[in-house]
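> Chain by chain, the residues:
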Amino acid sequence: MATVAERIETANMPRRASALVVARRELRDHWRDGRIRIALGFTMVLLLSSVVFGAVAAREAEQQRKAAQRLMRQQWLDQGVKNPHSAAHYGIWAFRPVPALALLDPGIHPYTGVTVWLEAHKRNEFRYRPVRDAIMVSRFPALTGATMLQLLIPLLIILLGYAALSAERESGLLGYQLSLGLSRRTLLTGKVLALGASLTVVLVPAAALSTILLFVQTPAAEREHTLAVLAALAILYGLYYAVILLLTLAVSAWAPSPRVAILVLFAFWSTTHLLAPRAAGELARSLHPTPSAAEFQRSIAEQVRLGIDGHSPLDERAEALRRQVLLQYGKSDLDSLPVNFSGLALQAGEEYGNGVYEEHYQRLWSAFNRQHVTHQTVSLFAPIIALRSVTSGLAGTDWYRQQRIAEAAESWRRTMVKAMNDEVTYRSIARAYAQDVRGREVWQQVSDLSFQPEPFLSALARQSRSAAMLGFWLVTSLAFALWATTRMRVI
Amino acid sequence: MMLAGQSSRGAPHARIIVRHELRVLRRDRTVWTALALLMVTTVYGAHTGARWTQHQQRAVASERAEEERQFQQLHAAALAAEQAGRTPSPFDAYASPGFLGLFYFRSAALGPAHLAPLSIGQSDVQPYYFRVTGERRDSFLDAEELDNPLNLMAGRFDLAFAVIYVLPLVLIGLAFNLVSDEREEGTLVLSLAQPVSPVRWLVTRLLTRAGPALAVVMMGAPLALLFWGADLDFAGAVGLLALWGAGVGAYAAIWLALIALVNCSLKSSTHSAVLLGFLAVLWIMVLPALVGIAVSVRHPVPPRADLIGATRAADTRVRTQVVELLERYYAEHPGTRPEGLDPRVYNFPLYWTAIQSEVERQLSPVLASYEQALSRQERLVIDA
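Sequence order for the protein chains is A and B. Adding 484 to a residue's 1-based position in the first sequence gives its number in my numbering. Adding 900 to a residue's 1-based position in the second sequence gives its number in my numbering.
Hints are computed from structural coordinates only; laboratory data are not their basis. The reader is advised that the hints may include incorrect statements.
What the hints assert, rightly or not - Here are the simulated lysine to any residue pairs, SDA-like style, with alpha carbons at most 25 Å apart:
#1 A:Lys606 / A:Gln559
#2 B:Lys1167 / B:Gly1086
#3 A:Lys566 / B:Gly1086
#4 B:Lys1167 / A:Asp517
#5 A:Lys606 / B:Leu1090
#6 A:Lys606 / B:Leu1088
#7 A:Lys606 / A:Arg806
#8 A:Lys566 / A:Thr899
#9 A:Lys606 / B:Ala1009
#10 A:Lys566 / B:Thr1211
#11 A:Lys550 / B:Leu1088
#12 A:Lys566 / B:Pro1234
#13 A:Lys566 / B:Leu1226
#14 B:Lys1167 / A:Ala651
#15 B:Lys1167 / B:Thr1253
#16 B:Lys1167 / B:Leu1090
#17 A:Lys566 / B:Leu1002
#18 A:Lys606 / A:His844
#19 A:Lys606 / A:Ile889
Unchecked claim - Sample of chain A residues facing chain B (criterion: CB under 10 Å; computed from the structure):
#20 Ala551
#21 Ala618
#22 Met620
#23 Ala651
#24 Ser655
#25 Ser776
#26 Gln846
#27 Leu848
Glycine included, each C-beta is placed from N, C-alpha and C at the ideal position.
Based on the sequences and whatever the hints tell you, model everything.
If you want it as structure tokens, here you go:
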């Protein structure tokens, strides 16, 4: 409650100073309210715990990945003496990298496979989604930094702000303050400053801890990138919290009582944060259906069968290739060719297969991308969807990044298979498959697989649509807050 | 609540309380909004569940049809060869059970259970059909269904979601001010002065408020499922649905008890709403998340990289022992030893099966470690 001295002081002050007095009084009320102290402390503990758990999980996952990738490379080198095409069949398993920023936002990582087998003839899917190796409780929102920042902090803002104006009207204090000459806009500014300050108390320790952990866990070369992303995330979360804060104050000003305000705000939070993302997922599935894995694989297999499979020299297309190669080299039989025809046939079959896979994956990913547009459209009604898109995009844990990783893995597979087929074609030491063998000196010529992180500016530019959606929400909520405060009943 | 002049018997009082309560509810817009929201989520949840199980049934049927088609083709090839008087080669699948097993598949499927539309659960991330071949015994490990990870991350909008998340929030919306409203308006003393026990008064009012919401879920869900084409025409359907209804009722009863407790403890409706909202978030979000962390820390599931590394190591190791493995097989199965031919070339299926069986034998402890960790996690949750 404001003291008489404060009220008189407020009336005679310039607008900025008055807003600070309003903010100071609001903050004092927050501090004096034991429930708010508990809520702030509880949220802070949960947030810090989620950052620590996230850091441990991300660090473990990345260490396991690096160890597994080293083991795969070693197994590739130690696979023994065999035909290069057998080596291509052996292939390697590639493991998806885990960016350091996954400690704050694991994004889609629990729902995508962690590894893919890169082998001859087949483009495989990433397998072993972590969520598959978990029990049902994992389908509840996990205790991650993203869950805390995206679901619980908005709820905390609602808790802090639902009564900010409605309770003052109910108690009669609002009319009293306005009668002292305090403008409605100044009052709103003061409340915004106070709620922002309370929120800062909760967020700053978590932000500091995240920065330290990220600094420790990130290789020196990537620190600049990580800190830039962290700064961008801070700005984006700040924007989002401003939206929720302004909406909360707007409802507090508009609602006839604190009871109605809290009900409306709880309804808003439940609808936009719990219902809308799920509804968007189901809507996306309905509007842009994807085939079952069996249908997808069957369609690929049928198309691949139409072409050269590389293992059937009597195949009609292999015959056409045989004639073409003989013509090209001016020879009459395969034995007199300066190259091994088996390698050419294998590579021709591989390239046909690559085309088939390319077409099918383009179609599948195009459906996924259209589903993403559906999610973004729903974010017109639920800004959390836009926020999730931006934060996971910047953290490098979104679908776009997964696509790039899958493409890089596929590109490595094609290069590796071609290198093995070229070995058969151009450096054959015997025509019989079992005798045409190589060893480690050839396997080590195949480069190790690595994934490059996306440059910060590119990741940021990619999120422009979602960021614009957040901007739209900010403008709308500011307009609503100003409108509601201006038209606010005093009694 | 004006009960003066009424009989002191319980039943008429209950009827009057219910009538009064329903009248109040009918005139409250919040109630209609909350019930409409619950109705929409129930109907849409039923739609999602029914559609998902239909998708699963189609996928299983399509795999079975494919299985049938490949064997029809094989049969036709065998007939054609027989009519042409052609001697089959050792690589012709119709003449070699070994190659048949390697190149043709039998479909193993676990179609959705009768009441699967009620809850999608983990069925969208666990394989429910896979191809059994002689190529690899653990083909089920690869059988993951295609789905956009963004949709999976958002979670399913099914009936389980409507019951677990939306029903408690609606119950809170309907009853958070059950007692505090009367206290704030000054009618609480008057109500409690009536010749009816406070417990009966509270419970009757609470059930009257919860009744419409529970009716929407318990009756709406089966009706919506039937409307969306779910198959509920099976023996014991009524019993199973009643059991599901009892589960929903028990879950709602826990929330109603909590609502009653908060109502009796706090003076203001606003504070009741805030505390109940906080408890809802604690129970349906924070606690499950903490349980998830606890079980994964107590019984961690080994990384899949371990399985992959072990599989490749075992495969490489076993290939160097294949001669011994085959010798053992021939000794245990007299008459199977091919005479004068390289067994790896002319009896490839046997060679392959010997390798895969040995790899599987060596990997069985690794494979079991995943199942064991998950079973222990389940047990820990149930015990907790």
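> Please go over all the hints and tell whether each is borne out by the structure.
Status of the hints after comparison with the structure:
1. Proximity of A:Lys606 to A:Gln559 is assessed by CA-CA distance (about 20 Å); at most 25 Å being required, the pair is judged to hold.
2. Annotation: proposed proximity of B:Lys1167 to B:Gly1086 holds, straight-line Cα distance about 12 Å (limit 25 Å).
3. For the hint linking A:Lys566 to B:Gly1086, the alpha-carbon distance of about 90 Å lies beyond 25 Å, and the restraint is violated.
4. With a C-alpha separation of about 16 Å, the suggested pairing of B:Lys1167 with A:Asp517 holds against the 25 Å cut-off.
5. Straight-line distance between C-alpha atoms of A:Lys606 and B:Leu1090 comes to about 78 Å, which puts the hinted pair past the 25 Å bound.
6. Between A:Lys606 and B:Leu1088 the CA atoms are separated by roughly 74 Å; this puts the pair beyond 25 Å, and the hint is violated.
7. Restraint check for A:Lys606 and A:Arg806: satisfied, since their Cα atoms lie roughly 24 Å apart, inside the 25 Å limit.
8. Distance restraint check for A:Lys566 and A:Thr899: the Cα-Cα separation of roughly 19 Å lies within the 25 Å cut-off, and the hinted pair is therefore satisfied.
9. Our distance criterion of 25 Å between C-alpha atoms is met by A:Lys606 and B:Ala1009, whose separation comes to about 24 Å.
10. At roughly 19 Å between alpha-carbon atoms, A:Lys566 and B:Thr1211 fall within 25 Å of each other, so this suggested pair holds.
11. This hinted pair does not check out: A:Lys550 and B:Leu1088 have alpha carbons roughly 67 Å apart, beyond 25 Å.
12. For a cut-off of 25 Å, the pair hint linking A:Lys566 to B:Pro1234 is broken: about 32 Å separates their Cα positions.
13. Restraint check: the Cα-Cα separation between A:Lys566 and B:Leu1226 comes to about 21 Å, which is no more than 25 Å; the hinted pair holds.
14. Our distance criterion of 25 Å between C-alpha atoms is met by B:Lys1167 and A:Ala651, whose separation comes to about 16 Å.
15. Simply put, B:Lys1167 and B:Thr1253 have alpha-carbon atoms about 74 Å apart, too far for the 25 Å limit, and the pair is violated.
16. Our distance criterion of 25 Å between C-alpha atoms is met by B:Lys1167 and B:Leu1090, whose separation comes to about 16 Å.
17. At roughly 22 Å between alpha-carbon atoms, A:Lys566 and B:Leu1002 fall within 25 Å of each other, so this suggested pair holds.
18. For the suggested pair A:Lys606 and A:His844, the alpha carbons sit about 13 Å apart, so the restraint of at most 25 Å is met.
19. Straight-line distance between C-alpha atoms of A:Lys606 and A:Ile889 comes to about 17 Å, which keeps the hinted pair within the 25 Å bound.
20. Checking A:Ala551 against chain B by beta carbon gives a least distance of about 7 Å; that is within 10 Å, so the hint holds.
21. A least Cβ separation of about 7 Å between A:Ala618 and chain B falls short of the 10 Å threshold, and the interface hint therefore holds.
22. Satisfaction of the interface hint for A:Met620 is found here, the shortest Cβ-Cβ separation to chain B being roughly 6 Å, below the 10 Å cut-off.
23. With its C-beta approaching chain B no nearer than about 8 Å, A:Ala651 sits inside the 10 Å limit, and its interface hint holds.
24. The restraint placing A:Ser655 at the interface with chain B is violated, with a minimum CB-CB distance near 12 Å, outside the 10 Å limit.
25. The restraint placing A:Ser776 at the interface with chain B holds, with a minimum CB-CB distance near 4 Å, inside the 10 Å limit.
26. Evaluation of the A:Gln846 hint against chain B yields a violated restraint, the C-beta minimum of about 14 Å exceeding 10 Å.
27. A cut of 10 Å between beta carbons decides the hint on A:Leu848: the least distance to chain B is about 7 Å, and the hint holds.
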